[in-house]
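Residue numbers (this note's numbering), protein chains in the order written: chain A, 10 to 362; chain B, 2 to 287; chain C, 37 to 324; chain D, 29 to 166.
No lab work stands behind these hints, which were simulated from the structure alone. Every value quoted in this text rests on a predicted model; they were computed, and no experiment measured them. Treat the hints with care, since some could be wrong.
Said to hold, decoys possible - With a straight-line cut-off of 27 Å between C-alpha atoms, the simulated DSS-like cross-links for lysine-lysine are:
| id | chain 1 | residue 1 | chain 2 | residue 2 |
| --- | --- | --- | --- | --- |
| 1 | A | 39 | C | 49 |
| 2 | A | 324 | B | 28 |
| 3 | A | 90 | C | 60 |
| 4 | C | 240 | A | 247 |
| 5 | C | 240 | D | 163 |
| 6 | B | 37 | A | 90 |
| 7 | B | 28 | C | 200 |
| 8 | A | 247 | C | 308 |
| 9 | B | 28 | A | 233 |
| 10 | B | 42 | A | 131 |
| 11 | A | 247 | C | 82 |
| 12 | C | 200 | D | 34 |
| 13 | A | 247 | C | 112 |
| 14 | C | 291 | D | 34 |
| 15 | C | 238 | A | 90 |
| 16 | C | 54 | C | 112 |
| 17 | A | 247 | C | 60 |
| 18 | D | 161 | C | 200 |
| 19 | D | 161 | C | 238 |
| 20 | D | 34 | C | 238 |
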Amino acid sequence: MLVLKKTTIDKLPELAACLMEKGTLVAPVKEAGGFNFRAITDAAQVDLIFHNTILSPKTVFFPQTEDFVRYSVYQPILEAKPVEPEIRPTFLFGVRPCDVKSFEIMDIHFTRTGVPDPYWRKRRDATIIFGFAFDTSEEADPAEFYHTLGIGAADPDGSDVFMLRRDDVLFLKAVSPRGENLLGGLAGLTDAAPDERKYFDDYIAQGHDYKTRYTCVDAEAIAKEFEAIFHNTDFWTKVSNACLSCGICTFVCPTCYCFDICDETQFGQGVRRRVWDACMFTDFTLEASGHNPRTQVYQRLRQKICHKYSFHIRKYGPISCVGCGRCTRYCPVNIDIFSIVEQAVQAKWYKRM
Amino acid sequence: MSENNPYIPMPVEISKIIDEVDTHDIKTFRFTFVNKDDEQKFVYLPGQFAELSIYGKGESPIGIASAPTDAGYVEFTVQRAGAILPGLVTSALHDMDEGGRIGLRGPLGHSWPIEFLEKKNIVVVGGGFAFTTLRSLVKYMLHKDNRSRFGDITVIYGARTPGLLCYKDELAAWEKRSDIKTIITVDKGNETWTGREGFVPAVCKDVAPSPENAVAVICGPPVMIKFTLPVFFELGFSKENILTSLEMRMKCGIGKCGRCNVGYKYVCSDGPVFSLAELEDLPRDF
Amino acid sequence: MAISFEQIEQHLKTEALKLLESGKVILVLAYGRGYDANHPMPYVAKHPSDVDNIVFNEYCTANLARYLTRYPRRTKIAIAVKAADSRAVVQLIQEDKVCREDLVVLGIPVYGMKNFKTGEVIDSKTTGGLYNPVLYDILLGEEVHGQPVSSPYDVLAAYEAMDKEERWAFWQRELGRCIRCYACRKACPMCYCDPCFIDQNKPKWGEKSPESPGNLMYHLTRFHHLAGRCIDCGECSRACPVDIPLYLFHKKVAKDCEEMFGQAAGMSIGDKPVLVNFRVDDSDKILE
Amino acid sequence: MSFEPKILGIACNWCTYTGADLAGTTRLQYPQNIRVVRVMCSSRINPSFIFRAFQLGADGVLIGGCHPGDCHYNTGNLYARRRLAVTKKILEFSGMEPGRFRVEWISASEGNRFAEVVREFTEQIRDLGPQTKFKISQ
Numbered sequence: 010m011l012v013l014k015k016t017t018i019d020k021l022p023e024l025a026a027c028l029m030e031k032g033t034l035v036a037p038v039k040e041a042g043g044f045n046f047r048a049i050t051d052a053a054q055v056d057l058i059f060h061n062t063i064l065s066p067k068t069v070f071f072p073q074t075e076d077f078v079r080y081s082v083y084q085p086i087l088e089a090k091p092v093e094p095e096i097r098p099t100f101l102f103g104v105r106p107c108d109v110k111s112f113e114i115m116d117i118h119f120t121r122t123g124v125p126d127p128y129w130r131k132r133r134d135a136t137i138i139f140g141f142a143f144d145t146s147e148e149a150d151p152a153e154f155y156h157t158l159g160i161g162a163a164d165p166d167g168s169d170v171f172m173l174r175r176d177d178v179l180f181l182k183a184v185s186p187r188g189e190n191l192l193g194g195l196a197g198l199t200d201a202a203p204d205e206r207k208y209f210d211d212y213i214a215q216g217h218d219y220k221t222r223y224t225c226v227d228a229e230a231i232a233k234e235f236e237a238i239f240h241n242t243d244f245w246t247k248v249s250n251a252c253l254s255c256g257i258c259t260f261v262c263p264t265c266y267c268f269d270i271c272d273e274t275q276f277g278q279g280v281r282r283r284v285w286d287a288c289m290f291t292d293f294t295l296e297a298s299g300h301n302p303r304t305q306v307y308q309r310l311r312q313k314i315c316h317k318y319s320f321h322i323r324k325y326g327p328i329s330c331v332g333c334g335r336c337t338r339y340c341p342v343n344i345d346i347f348s349i350v351e352q353a354v355q356a357k358w359y360k361r362m
Numbered sequence: 002m003s004e005n006n007p008y009i010p011m012p013v014e015i016s017k018i019i020d021e022v023d024t025h026d027i028k029t030f031r032f033t034f035v036n037k038d039d040e041q042k043f044v045y046l047p048g049q050f051a052e053l054s055i056y057g058k059g060e061s062p063i064g065i066a067s068a069p070t071d072a073g074y075v076e077f078t079v080q081r082a083g084a085i086l087p088g089l090v091t092s093a094l095h096d097m098d099e100g101g102r103i104g105l106r107g108p109l110g111h112s113w114p115i116e117f118l119e120k121k122n123i124v125v126v127g128g129g130f131a132f133t134t135l136r137s138l139v140k141y142m143l144h145k146d147n148r149s150r151f152g153d154i155t156v157i158y159g160a161r162t163p164g165l166l167c168y169k170d171e172l173a174a175w176e177k178r179s180d181i182k183t184i185i186t187v188d189k190g191n192e193t194w195t196g197r198e199g200f201v202p203a204v205c206k207d208v209a210p211s212p213e214n215a216v217a218v219i220c221g222p223p224v225m226i227k228f229t230l231p232v233f234f235e236l237g238f239s240k241e242n243i244l245t246s247l248e249m250r251m252k253c254g255i256g257k258c259g260r261c262n263v264g265y266k267y268v269c270s271d272g273p274v275f276s277l278a279e280l281e282d283l284p285r286d287f
Numbered sequence: 037m038a039i040s041f042e043q044i045e046q047h048l049k050t051e052a053l054k055l056l057e058s059g060k061v062i063l064v065l066a067y068g069r070g071y072d073a074n075h076p077m078p079y080v081a082k083h084p085s086d087v088d089n090i091v092f093n094e095y096c097t098a099n100l101a102r103y104l105t106r107y108p109r110r111t112k113i114a115i116a117v118k119a120a121d122s123r124a125v126v127q128l129i130q131e132d133k134v135c136r137e138d139l140v141v142l143g144i145p146v147y148g149m150k151n152f153k154t155g156e157v158i159d160s161k162t163t164g165g166l167y168n169p170v171l172y173d174i175l176l177g178e179e180v181h182g183q184p185v186s187s188p189y190d191v192l193a194a195y196e197a198m199d200k201e202e203r204w205a206f207w208q209r210e211l212g213r214c215i216r217c218y219a220c221r222k223a224c225p226m227c228y229c230d231p232c233f234i235d236q237n238k239p240k241w242g243e244k245s246p247e248s249p250g251n252l253m254y255h256l257t258r259f260h261h262l263a264g265r266c267i268d269c270g271e272c273s274r275a276c277p278v279d280i281p282l283y284l285f286h287k288k289v290a291k292d293c294e295e296m297f298g299q300a301a302g303m304s305i306g307d308k309p310v311l312v313n314f315r316v317d318d319s320d321k322i323l324e
Numbered sequence: 029m030s031f032e033p034k035i036l037g038i039a040c041n042w043c044t045y046t047g048a049d050l051a052g053t054t055r056l057q058y059p060q061n062i063r064v065v066r067v068m069c070s071s072r073i074n075p076s077f078i079f080r081a082f083q084l085g086a087d088g089v090l091i092g093g094c095h096p097g098d099c100h101y102n103t104g105n106l107y108a109r110r111r112l113a114v115t116k117k118i119l120e121f122s123g124m125e126p127g128r129f130r131v132e133w134i135s136a137s138e139g140n141r142f143a144e145v146v147r148e149f150t151e152q153i154r155d156l157g158p159q160t161k162f163k164i165s166q
């Protein structure tokens, strides 16, 4: 049974308050630099009039710092205490379809292969995701290219509840059983009319016609292509000439997962935590012996792009990019991963086909 | 979160410290487990590594130097590191005394492919203090329960000076045994040195082990590996039968933190042991 | 406007072509097309055929002096500089990071640049407020005169007027947002240390996690390291993904340095940076 | 419990530290709130020392060097003067109370002056109260 409910934008605080009673509500909030997902403390903070956030919603499952152990340097190691993360039922509200897709890609790395990461798993299990369609009446942001990755502007896959806005009405559709359970129990929502159901379904179907930047990318083929040009130093130098080697692109990326484990001690009390790290930083691969396999900017940019468009495919299958365009939008020198991929595509295999 | 959390180390106690070389910057630490359960869980094979973890300093991935046949303890040979940024963990460890307690996370990575090595002649080539996991392998193979599973064993081990040779007592014992051929070389001898002089690649060429049903296991400083690999290739060893162990900066050791990749492989979880054939499939980015 | 962006672009292309063809330089640091016309990116022309890709428009804000220290000494480089950027070149020459002889400076007199992220006009609020480069070998166009000149430090008045509690709260709020992507130091032409003090682990100066204490340590020390060297190009603030107004603090320090030592950064090749210099008659009053 | 300020003193080896020694050997009384760290020259003081000291809980930082012109290394304190002036401005603009940071020139023979400055500075810090802005909460 398809549950389709609706509410109005001006009643959003009521919906937010309702969710806040059941757990932690994480939703887009307007801040000085733009929107970001934050734990909501005041229901009126929730703001759905946004295009996309600065930091991706991965912050909910993979926060920038995650404490592992608390220790004291004066006490024996047996006194060190693992930190129990505070995990409450969480509602992640207003996630764009491309970002929803990123969770699935990150799941492969964190929990579905190798040793599962307990923190990611627990946070992920505790969260209900409210996907939110892009407004297809708006023009697409020039940086975005999720269409290239086969993601529509209104794909409900991966969400538990999927939302879309029609003027000042907000529709909510249950996609997963968890979502259905939740929606059934939320007060203040009304059932949608049959013509609205049709509108909803049409909107989702038309999501794929919404054009962002597009180039023909096939995972297997692009992986091979990047392997072939891996040692083409000229190519990489050319595309990385402008790169400053800062960490913006990796920090805002929804599928970048590299982290550092650091011990931070103050007054003898310390915490071992993981902190986001970026493959663009000079000391990322610096070994204690002094050896650093990636001293040049081009090597680091190559690592980043090949990781997303080649290594990840060979190791896990899908491309590790959802085309949200954040890296391009926030790059201080406008390096565009899409253009680099496009250049690589045009380089050879595309012509051979 | 403490149960089955791969990021939380188990406590171990330093039961013995052996000063290996005359520069005193390489020591072998013997650890015993504080919790006996951990000892049961710490099942490893030669070639694997573990993260030595000191709260307040950090973690450092080190190859396991003892063999699984050594019951009751694990050993790690650690060099005090720090060329550009000081090696906090290794320095702190070197400053510790017997009885000190640290954390241990592991075993991590893949071992030398023991099943693949069975019934074959093994040529073990090591240089400097990178001999650790090879020592583990040799000890494992020489154990009375295991010796019959392997063919002839040849060890070629080199260091810069006689004083820099690790595990001197064991080397001497191996030289006396008849079931293992031990060749020890130094780049430059001193007045008391009566053994061989010469670089490892040259010695390998000189010894010329037969490629017949043989596997070469090579580990050492990058420059030694670089010149030794072609030697074995020329001797007729196939790429699948030349094995080596890679090093990259690691943090998590379980393939999550994303920094030790060479191409699509993570050195920590897919390695650190690779055959030359596998390495050729990867980009030269290490 | 005395000269249009199209004309500058034309001049830039002509000069770059001449320099590359004559072999006087082996690379030209200029701007090229990004993913669309409003998002140009720094571009390195190494071959005469690359020159066609050079563009110049109102969104070409990046400070190309940042890339100078990336090339080994004695690399002959031509660099396109706007007003503030030229001060960065001068400052780098003062610090002996680049040699004057290795450089061909292509000066661009310009005003009315725009921030490509926000479309905001960049004026003396976020940058030095100069129109003409202070150092150039070839001027692409003619010097701009007669434009209103406002002090780059006017914008500080509101912050200087705050009491210390307010200011502390302001900086706590702003620096608290920092995500430690280090774009500020990477975009800065004067930040060329490797490793940066914050990456050192012995002594460990600050925490790596993006929390207030570490952020404060990182930014305050960075402000200090740039004292008397910051040439007020505003790139740090434009690079910041979370819009921290770092330029305010840099401007304040620059203003204080100018008042105390009577010299602004990067104005003349003959100067010595103020903090590696002294005068016997410096007053002790500056310490009060 | 009354507030006892914690003050970090950084003193140059040749003048202020020797001056402090003299204060000690002549049995001059000065508050014990100051902990003096000796450096070879006031110009050796990295501004990060000062920021870090405040972060780690110092209520005040007092820097002592030779009188300008008397530097053991001729010009060290002249560089230090400029640098520390900038440090002071930065602390001030960040919102720190300006009174918590002080630079004094105290020569080896000025034991009296050292004791006096420490007394004065301690009282000043006592009036300002505990430093909470930079201090990292435990």
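Structure-based check of each hint:
At roughly 43 Å between alpha-carbon atoms, residue 39(A) and residue 49(C) are farther apart than 27 Å, so this suggested pair is violated. Only pairs whose Cα atoms come within 27 Å are accepted, and residue 324(A) paired with residue 28(B) is rejected, the gap being roughly 37 Å. About 64 Å separates the Cα atoms of residue 90(A) and residue 60(C), which puts this hinted pair outside 27 Å; it is violated. Between residue 240(C) and residue 247(A) the CA atoms are separated by roughly 36 Å; this puts the pair beyond 27 Å, and the hint is violated.
Annotation: proposed proximity of residue 240(C) to residue 163(D) holds, straight-line Cα distance about 17 Å (limit 27 Å). Restraint check for residue 37(B) and residue 90(A): satisfied, since their Cα atoms lie roughly 19 Å apart, inside the 27 Å limit. Distance check on the hinted pair: residue 28(B) and residue 200(C) sit about 54 Å apart at the alpha-carbon level, beyond 27 Å; violated. Between residue 247(A) and residue 308(C) the CA atoms are separated by roughly 35 Å; this puts the pair beyond 27 Å, and the hint is violated.
A threshold of 27 Å between alpha carbons decides the hint, and for residue 28(B) with residue 233(A) the separation of about 45 Å lies outside it, so the pair is violated. A C-alpha spacing of about 24 Å is found between residue 42(B) and residue 131(A), which places the hinted pair at or below 27 Å, so the restraint holds. In summary, the hint linking residue 247(A) to residue 82(C) is supported, as the alpha carbons are separated by about 10 Å, within the 27 Å threshold. The suggested pairing of residue 200(C) with residue 34(D) holds, with an alpha-carbon distance near 22 Å, which does not exceed 27 Å.
Restraint check for residue 247(A) and residue 112(C): satisfied, since their Cα atoms lie roughly 18 Å apart, inside the 27 Å limit. Simply put, residue 291(C) and residue 34(D) have alpha-carbon atoms about 32 Å apart, too far for the 27 Å limit, and the pair is violated. Only pairs whose Cα atoms come within 27 Å are accepted, and residue 238(C) paired with residue 90(A) is accepted, the gap being roughly 26 Å. Between the alpha carbons of residue 54(C) and residue 112(C) the distance comes to roughly 14 Å, so the proposed pair stays at or under 27 Å and holds.
Between residue 247(A) and residue 60(C) the CA atoms are separated by roughly 21 Å; this keeps the pair inside 27 Å, and the hint holds. For the proposed pair residue 161(D) and residue 200(C), the alpha carbon gap of about 11 Å is at most 27 Å, so the pair holds. Note on residue 161(D) and residue 238(C): the hinted pairing holds, with a Cα-Cα distance of about 25 Å set against a maximum of 27 Å. The straight-line distance between the Cα atoms of residue 34(D) and residue 238(C) is roughly 25 Å, inside the 27 Å bound, and the hint therefore holds.
Comparing the model with each numbered hint stated earlier shows that hints 1, 2, 3, 4, 7, 8, 9, 14 do not hold.
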